[in-house]
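S.K.: Sequence:
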Amino acid sequence: MMIKKEDTSVKPRINQRHEAIKALVFGFLTVFAGFGTEALAGSWTEGPELNGKRQYHTATLLADGTVLLAGGGDDHGPMATTDRFNPATNAWSSAGSLSVARTAHAAARLGNGRVLVTGGWNGSHPLDSVEFFDSSTNAWTPAPNLASARNNHTASALPDGRVLVIGGVGGVTGPPPGVEIYDPNRNAWTAGAAMATTRAAHTATLLPSGKVLVVGGFAGSLYPANCELYDPATNTWAPAGQLSTARYGHTATLLQNGKVLVAGGGRYESSFSGLRFKYFASAELYDPATNRWSSAGSFRGERFYHSASLLPSGRVLISGGEGFSDQLSAAEIYDPQSNAWYSEPSLWSPRMNHTATLLDSGMVLVAGGKNRAGYQASSELYSEWGASRWSLAGNMTAARSSHTLTLLQNGKVLAVGGWFGQATSTAELYDPATKTWVSAAAPSFSYREATASALATGKVLSVGGLGAELYDPGANTWATVGSFGTRRHSHTATVLPDGKVLVVGGTDFDAELRSASLFDPGTQSWSSAGDLGSARAGHTATLLPNGKVLVAGGASGTTSLSSVELYDPSTNTWSPGAGLLHARFSHIAALLPDGRVLVAGGYRADGTGTEYLASSELYDSATNTWSEGASLVAARSGAREARLPNGEILVYGGSAANDRLSST
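Under my numbering, the letters of the sequence shown match residues 51 to 714, in that order.
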């Protein structure tokens, strides 16, 4: 039998340290800007249409980063069609057809990359059939049948490669479906130990311990509050506490701290007028360490058959679902650190019974579902960083500009030198935990437009002006480290894979430099790294995936450069690279996830005039070629960039004409 609420029900879908954001404080500002967790707000963009409307389908992230949608239902009933989303092309394509139309089934990705689809509902009865999807051939093949036909069950891929199938709704006659385990090595199913309470429309969450937490659901007309924990190593079940509110149609999300967030859902309750359905906004947290549940607050509105996605930040995105009066477009964020909920921008289309899949890029793909207008073929993409905001992070102990900021291994940030009427020789430390600045030991030299390189030892190498020094965070001390041949500023410093630091170009206050030097942290000594083909300052230096360093642009005298040079650490030599499409200096350069280098913004100066630049270009090291990129929203020079966890590049600050920029 197929369980219904309005029409067809389906189980809910269960779906790092961030790199520090560099900053430049311009002029005499004394505020260091950083992201405040509670202030972050993501954004939704419309995705491409599916090849067909569907709800109650499954969505599986494949090994190649594409997403497989299988089965589901539309106006005509259960479906055998599939869709495959390619994030690289932002397009859907067919992934063949299931041998049997099915909805309210379950899917699990195996260790070999194949997807195992089990059970479901074919429009008249539950299914015992099982199929494999091979992503390399885009083809479906039969797999051994389940012992018990079922729908609204769960399928969990275990660490040892097996798949655990639990519960569900079976036929009108016979006992409720129990537990079955698929072994890919034997290509066979075996019975698992029986649960204390057989259930359907529950959630099953794989814990870091390898155990599986089963929560909620329904058992006939009952809604079990008791939760259970399955141990694959011993094939046994154990109690896992009690929910404060029994529910189904909820979500269960494993958090980065190992706890499990159970949110929303609903159940039927008796009233004077008979049975009525009650929606829940409450959320609960399960702690495996104590085997206990605690409150996790509440949504701003009740929701049922929504989706939940763990984001790269560790927060949880809740989207869509059904509320008391209609399907929802509202989205919310749960922050485990504050145990609080925050509103997010809404979906473009309200929907329930959709899927939400975290992509390798960190974005979330929402697809299909149903709302008042009918079944949905639309998709949407959520970016956690789409509309980020800045929050104050405390005043520095001294006003400064053109200084350096370095993330230390202890999580603090070291600010060194800069300019405040003259070059400064002070340093200070920022503690993100307390959002406060304190003075650090002062270096021996004054630094302006210098470089600071974090070494594998945890120390920081500051280079510029009249010398070079090492800062030891543990001892809060500075030590001078030899001479690199000449004074310089507006140079670059790049930490190489072997731990050495390559210092390139710059100016000695009289003219631009061609020289390059290598610092060896092991011997704390300097050696020559040869000479550039062109003297330059205000250039960029980017470490490529092949280990070489790309030096691009800069200025020599009063002229901006388009020339590019490549440093090879294995031979300690320089060679010319393909020139930039646009001469520039004081620009930004960032390595993209695909290995290309983005160069953007900057300043042009030549015999025809001067100009702040908004243009960008992309370097492909495989072909040694540049191609035009999209333009910045605002032309800027002297900006800073940071690569976000989802691979996007944040460009912020800088100047244009006579104004400092606050835009990003």
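No lab work stands behind these hints: they were computed from the structure. Treat the hints loosely; a few may be bogus.
Subject to a maximum C-alpha distance of 30 Å in a straight line, what follows is the list of computed BS3-like cross-link-like pairs (lysine-lysine) [unchecked claim]:
(1) 462 with 485
(2) 328 with 103
(3) 598 with 550
(4) 550 with 462
(5) 550 with 309
Estimated spans, in silico, between C-beta atoms of each pair [unchecked claim]:
(6) 675 with 340: 43 to 49 Å
(7) 283 with 572: 41 to 47 Å
(8) 508 with 235: 44 to 50 Å
(9) 187 with 271: 40 to 46 Å
(10) 162 with 285: 34 to 40 Å
(11) 529 with 308: 40 to 46 Å
(12) 347 with 597: 18 to 24 Å
(13) 573 with 187: 27 to 33 Å
(14) 595 with 483: 32 to 38 Å
(15) 339 with 238: 44 to 50 Å
(16) 289 with 596: 53 to 59 Å
(17) 608 with 398: 30 to 36 Å
(18) 527 with 395: 26 to 32 Å
(19) 483 with 162: 54 to 60 Å
Virtual Cβ for every residue (Gly too), placed ideally from N, Cα, C.
S.K.: Could you check the structure against the hints above and give me the numbers of any it violates, in ascending order?
M.R.: 5, 6, 10, 12, 13, 15, 17, 18 and 19
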